[in-house]
Amino acid sequence: NAGVTQTPKFRILKIGQSMTLQCAQDMNHNYMYWYRQDPGMGLKLIYYSVGAGITDKGEVPNGYNVSRSTTEDFPLRLELAAPSQTSVYFCASSFYASYNEQFFGPGTRLTVL
Amino acid sequence: GDSVTQMEGPVTLSEEAFLTINCTYTATGYPSLFWYVQYPGEGLQLLLKATKADDKGSNKGFEATYRKETTSFHLEKGSVQVSDSAVYFCALRAGNQFYFGTGTSLTVIP
Chain V
1 NAGVTQTPKF
11 RILKIGQSMT
21 LQCAQDMNHN
31 YMYWYRQDPG
41 MGLKLIYYSV
51 GAGITDKGEV
61 PNGYNVSRST
71 TEDFPLRLEL
81 AAPSQTSVYF
91 CASSFYASYN
101 EQFFGPGTRL
111 TVL
Chain E
114 GDSVTQMEGP
124 VTLSEEAFLT
134 INCTYTATGY
144 PSLFWYVQYP
154 GEGLQLLLKA
164 TKADDKGSNK
174 GFEATYRKET
184 TSFHLEKGSV
194 QVSDSAVYFC
204 ALRAGNQFYF
214 GTGTSLTVIP
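Residue numbers (the numbering used here), protein chains in the order written: chain V, 1 to 113; chain E, 114 to 223.
Bound-form chain E, shown alone:
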């Protein structure tokens, strides 16, 4: 069945470091792919999305490219800030269902 596998955390980085959070997926069709962010005590918010192969989603300095050949959608940011500390979820949509990874906790220290 459809599923998402996400890099285990927690991840701790110094401010201005480079961030990569790996995400791979399994799907039978052509899913849309998403990254969500969850700040403490809040619901999930959409960070970025890509709806077809080779699309690049970007927002607030974060980027992810939909790679069909490697079934991946890795999240990257060139220079993280303390305010990026949160839990990040990779997700795919197949039809009317959404499938989420287990989440990766990121802590950025000054």
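Chain V on its own, in the form it takes in the complex:
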């Protein structure tokens, strides 16, 4: 199993540009999550999904959109990039049971100039 994969690893955007961060998992997990991690800080939840076709906002959803058309994929869309979105983005997944942990991808480092 590849686990949770994310692309790209690095990206530089100009203010106002848009992009999609890709996330895929091959563990048949129901739940998927997007977090951002600012330097020296913890994780902040952007969006999450409990299954295909179902998404919900987290703590910091403004400026982002998600979709979940399949169990495997959970792309994060940034519209009109702003410098405040400079961060490292992590995708994670888990099974639904409460004792299950999250599995994390390697992250995407995004810089908006």
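Just so you know, these hints were derived from the structure itself, not from any lab.
Any given hint could turn out to be false.
[Said to hold, decoys possible] Chain V stretches covered by chain E per the calculated footprint, using a threshold of three residues with CB under 8 Å from any CB of chain E:
| hint | region |
| --- | --- |
| 1 | 37-47 |
| 2 | 100-113 |
[As the list claims (entries may be wrong)] Listed below are several chain V residues computed to face chain E (Cβ distance under 8 Å; list not exhaustive):
| hint | residue |
| --- | --- |
| 3 | 31 |
| 4 | 50 |
| 5 | 64 |
[Claimed, not checked] Derived Cβ-Cβ restraints for the label pairs, each shown as a range:
| hint | chain 1 | residue 1 | chain 2 | residue 2 | range |
| --- | --- | --- | --- | --- | --- |
| 6 | E | 196 | V | 14 | 20 to 30 Å |
| 7 | V | 61 | E | 171 | 35 to 45 Å |
| 8 | V | 57 | E | 192 | 17 to 27 Å |
| 9 | E | 181 | V | 69 | 38 to 48 Å |
| 10 | E | 165 | V | 56 | 24 to 34 Å |
| 11 | E | 166 | V | 59 | 39 to 49 Å |
| 12 | E | 126 | V | 14 | 38 to 48 Å |
| 13 | E | 194 | V | 69 | 38 to 48 Å |
Note that beta-carbon positions come from the ideal geometry of N, C-alpha and C, so glycine has one too.
Please build the complex by placing chain E on the supplied structure of chain V, with the hints as guidance.
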């Protein structure tokens, strides 16, 4: 609401020293508790977990016990190594949500 409070860092220890990183939580139900480790430039990896009161999670010499009476899940290791240098996150799962502490940076010097 549910939350995790974690010991502030950074922590610097000499090799073979004893490590404790404190973690306390607030939750309305019966959460599962986790410790994750993040090495530089990488994603978070599960270090250990405990899913009910009095459970002890352990892995790679690290241990943590789920204490419901003190709402704590402190991470301990008896003898740290340079390779343990990383950022450690305490987390809880309540339903479909995970709540993370702010992370504690550990540096182990030879």
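Subject >> Pairwise beta carbon distance, residue 166 of chain E to residue 59 of chain V, judged against the given window 39 to 49 Å >> reply: Violated: the Cβ-Cβ distance is about 28 Å, outside 39 to 49 Å.
Original post:
Do three or more residues of the region 37-47 of chain V come closer than 8 Å to chain E, measuring C-beta to C-beta?
Top reply: Holds, because 4 residues of the region 37-47 of chain V bring their Cβ atoms closer than 8 Å to Cβ atoms of chain E.
**OP:** For the range 38 to 48 Å, tell me whether the beta carbons of residue 181 of chain E and residue 69 of chain V fit it or not.
**Re:** holds, 41 Å
Original post:
Is the distance from the Cβ of residue 126 of chain E to the Cβ of residue 14 of chain V consistent with 38 to 48 Å?
Top reply: holds, 43 Å
**OP:** May I ask you to test the interface hint for residue 31 of chain V with respect to chain E, counting a Cβ-Cβ separation under 8 Å as satisfied?
**Re:** Holds. Min distance 6 Å.
Original post:
Holds or violated: the region 100-113 of chain V covered by chain E, criterion of 3 or more residues with Cβ-Cβ distance under 8 Å?
Top reply: holds (count 8)
Original post:
Could one say that the CB atoms of residue 196 of chain E and residue 14 of chain V fall in the range 20 to 30 Å?
Top reply: With Cβ atoms ~40 Å apart, the hint is violated.
Original post:
Taking 24 to 34 Å as the hint, is the beta-carbon distance of residue 165 of chain E and residue 56 of chain V inside that range?
Top reply: holds, 27 Å
Subject >> Assessment of proposed distance window 35 to 45 Å (beta carbons of residue 61 of chain V, residue 171 of chain E) >> reply: Given range 35 to 45 Å: holds, Cβ gap about 37 Å.
Original post:
Against chain E, with CB atoms and a cut of 8 Å, does the hint on residue 64 of chain V hold up?
Top reply: violated, 18 Å
Subject >> 17 to 27 Å as the expected CB spacing between residue 192 of chain E and residue 57 of chain V, which holds or is violated >> reply: Violated: the Cβ-Cβ distance is about 44 Å, outside 17 to 27 Å.
**OP:** Classify the hint on residue 50 of chain V as holds or violated, based on whether any CB of chain E lies nearer than 8 Å to its CB.
**Re:** holds, 6 Å
The structure does not agree with the numbered hints 5, 6, 8 and 11 stated previously, though it agrees with the rest.
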